[in-house]
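Undergrad: Listed here are the chains, written in short residue letters.
2 protein chains.
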Amino acid sequence: MKYRNPTPTVDVILQCNSKILMVKRKRDPFKDQLSLPGGFVNEGETIENAMKREAMEETSLEVEPIEILGAYSDPRRDPRKHTMTVVFVGIIVHGSPMAGDDAGSIEWIDLADIESKQFAFDHHMILRDYKKWKTSGGTFWSTKRRND
Amino acid sequence: MKYRNPTPTVDVILQCNSKILMVKRKRDPFKDQLSLPGGFVNEGETIENAMKREAMEETSLEVEPIEILGAYSDPRRDPRKHTMTVVFVGIIVHGSPMAGDDAGSIEWIDLADIESKQFAFDHHMILRDYKKWKTSGGTFWSTKRRND
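Quick mapping for you: the protein sequence lines, in order, are chains A and B. Here the first sequence is numbered in the numbering used here, starting from 1 and rising by one per residue. Here the second sequence is numbered in the numbering used here, starting from 1 and rising by one per residue.
Simulated from the structure, these hints should not be mistaken for laboratory data. Among the hints, a few may not be true.
[Unchecked claim] If we take Cβ atoms under 10 Å as the criterion, some of the chain A residues that face chain B in the derived model are:
hint	residue
1	P8
2	F40
3	L69
4	W141
All C-beta atoms, glycine included, are put in the ideal place defined by N, C-alpha and C.
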């Protein structure tokens, strides 16, 4: 018997002053929409290394994890199949942001402006949770009770 | 092309006074060793629901997630295949602990005694991280630099 499981992905939040680094998606799903840098975790690779690899591929930046913001696994978060993501808060340790092969372009968005924008997947929820994390800490998951 | 990914699992830390609830494993790997309650995440199921389901199956307890302690994905953590786990800190909301079908027996271990004990998988590291979390918070992953 073959069990089926969600497919693990990773994402990273990189903040510089009031700005968050996003990538414009080159491909469907959510083509041309903004998402956090991230992607699938390969077998044999830790999630933290997957996060660093994806950040490098998509933004040309060397990043390091600082904390885990949360783990999001709502089956509807990706129209292709059931995925789950571990979201890291990271820091840029080297490089200048530049769109890589996997990203159409990169864009710095102001954290104050997220309510007026659309994002791929559940990244709107993740950015809201990050704002909350900045003031009160904590960790987050898809069905966590939120008071707003 | 078929990509291969780590298989997601969940675990939960349940503390009552100074004691942590562990289950004695009925099956290999790590047969007869102590592990945190947990198991594989099914497709279509959130990780938090997987955690609640596994806690119920293994300990007969209804639990709720409080925080995420970390996400551990060292490819060597499970001898069967590459797994990753999201570890929740939970609270017991209903029931009395009783070994379920999937667990040989349950055991409360003192958090002060973990250094003298052996645990399945990387649960020794996870329990150490939990002790740290109790005093200083934070989140954890397999290759995080630890100062001890």
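Undergrad: Enumerate the violated hints, using their earlier numbering and listing them in ascending order.
TA: none
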